[in-house]
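Student: Now for the letters of each chain:
There are 2 protein chains.
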Amino acid sequence: MPSLGHLAAAALLLVLGPSAPAAAARPIVVGKPSPSDATATARWLAAQNTWGVISTISIDLSGAPFGNVVSYSDGLPGEGRGIPYFYLTTLDPTARDALEDERASFTLSEFPLGTCGKIDPENPTCAKLTLTGKLKLVDLQSSEAELAKSALFTKHPEMKDWPENHHFKIFKLEIENIFLIDWFGGAKPISPSQYLEFRNQGSVMSTSE
Amino acid sequence: MPSLGHLAAAALLLVLGPSAPAAAARPIVVGKPSPSDATATARWLAAQNTWGVISTISIDLSGAPFGNVVSYSDGLPGEGRGIPYFYLTTLDPTARDALEDERASFTLSEFPLGTCGKIDPENPTCAKLTLTGKLKLVDLQSSEAELAKSALFTKHPEMKDWPENHHFKIFKLEIENIFLIDWFGGAKPISPSQYLEFRNQGSVMSTSE
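Residue numbers (the numbering used here), protein chains in the order written: chain A, 1351 to 1559; chain B, 1351 to 1559.
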C-alpha cells in the first residue's frame, strides 16, 4: 500500500515531469545593463520578461482604465526587437477594448526576473517599464505575423495548442511613449526610435567589469 | 478520499511554495484555494502578492491608460482584508493621475508566486485578478491610515526609510468591480461585498484534504 507521501510524490512527477520544477515561461536571465544605460535597460526588460500587464480603456466598465495580465514576446530569445507581440482572443476584454479604442500601455517589472535581490518592487532601482501607444491587430497574412507567431510560440510553447474556436489573433503595441524607472531621480527620457533602433553592444554589467 | 489532482496540487505547493527563490517582498506562499472557490482565490491573490500594476487615466499622455508597477499590502500577513493600500508620491505620475481622476484598476498575477508550475502566465488556470474602482487618498489622521501603514511597512520594511521630502502618502483602492480568471470558461462573478466580507474558512487545498 503506497503511503500518502508516495502518492503525492508520484502525482508530483505526473504534473512536473521528470525535470526540475523550473517554471514554464520563466526566462533564463542574462546580464542586467548598467542603470546609466536607460535604453539598454528598457530593451533588456522587454527581452527578459515573458508576461506583463496591458492597460486599456474598458468598454465593460464605462471607460475606466483596465489592466489585464498577458503573455508576450518581443522576438526569439537573444533576437528581441523591443516590440511586444501578444496572442489575444476577443473572448477577453483587452482585445475587445483595443478594437474599439486602440490606446493602451504595457507594463513590465524587473522584480519577477529575480535580479532586484532584497530591494522592494517599488524601489526605483528595481526597474519598471511602461510602453504606451496603440494596440493593433497584426495582419495574419503579413510576414510580420510569421515573425510574431514564431516569437510568441517559442517563448510560450503551449500557445500553439490553444483552442482554435477561441480565434486567437496577434496584436502588437505600436510604441509612442516610453516610461522607464531604473534609478533614483525620476523617469529616464527614451524616444521610441532610440528604443527600437537599439542594438545590444555588450553594455551589460558582468563579473568581469 | 483525495483525488490524484488534489494530491498533485498539494504536493506541488509543498515543493514550489516555501522553497521558491528567496527575494525580498517575495511572499511565503500558503495554500492556493480550489479554483471552484472564486472569492477565496481572489482574496488569496491579494493576500499573497506584494506588488502589482495600477492603471490610471494619464494626465501626461492625454488620457491614455497608464500602468505602473507598485508595491501594496492588504493587511498584516495572515490578516489581509482584501483592500489594497499603497504608498505613493506625487513625484510619480500614478498618484498625480489619481488626484485628478480617481478611476483606476489594480492588477495581480499568480505567476510570480510560483504556483502556476509549467503553466503559461496567460493560461486561464494561472489566476489573474483585476480590481477596478477609485484610487483615493487615506486621511493620515484616521485609524485606517494607522492600519494601512502597519500593513505596508510590515510587508515592505524599507518603505519606512523612504525620503520624507518625497511626501509619500497612503492611497487605497475603493473596489467597485472584480475581474477574476482562475479557470477555463471566462471571468468569475464576484461582488465587492462578497470579496470584502470573505473570511478564510480553510477552503484551501492542503495535505489534510
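Quick caveat, the hints were computed from the structure, so don't treat them as lab data. Treat each hint with caution, since some may be false.
Using C-beta positions, here's what the derived DEER-type ranges look like [said to hold, decoys possible]:
| id | chain 1 | residue 1 | chain 2 | residue 2 | range |
| --- | --- | --- | --- | --- | --- |
| 1 | A | 1487 | B | 1510 | 22 to 32 Å |
| 2 | A | 1504 | B | 1503 | 17 to 27 Å |
| 3 | B | 1526 | A | 1440 | 18 to 28 Å |
| 4 | A | 1451 | B | 1507 | 34 to 44 Å |
| 5 | A | 1534 | B | 1507 | 41 to 51 Å |
No experiment lies behind these values; they were computed from the predicted model shown. Even glycine gets a Cβ: it sits at the ideal position worked out from N, Cα and C.
Student: The structure should be examined with respect to each hint, and the outcome stated for every one.
Tutor: Structure-based check of each hint:
For residue 1487/A paired with residue 1510/B, a C-beta distance near 47 Å fails the hint of 22 to 32 Å. A C-beta distance of roughly 42 Å is found between residue 1504/A and residue 1503/B, which places it outside the suggested range of 17 to 27 Å. A hinted range of 18 to 28 Å holds for the C-beta pair residue 1526/B and residue 1440/A, which are about 24 Å apart. Between residue 1451/A and residue 1507/B the Cβ separation comes to about 41 Å, which falls inside the hinted range of 34 to 44 Å.
With their beta carbons about 19 Å apart, residue 1534/A and residue 1507/B fall outside the hinted range of 41 to 51 Å.
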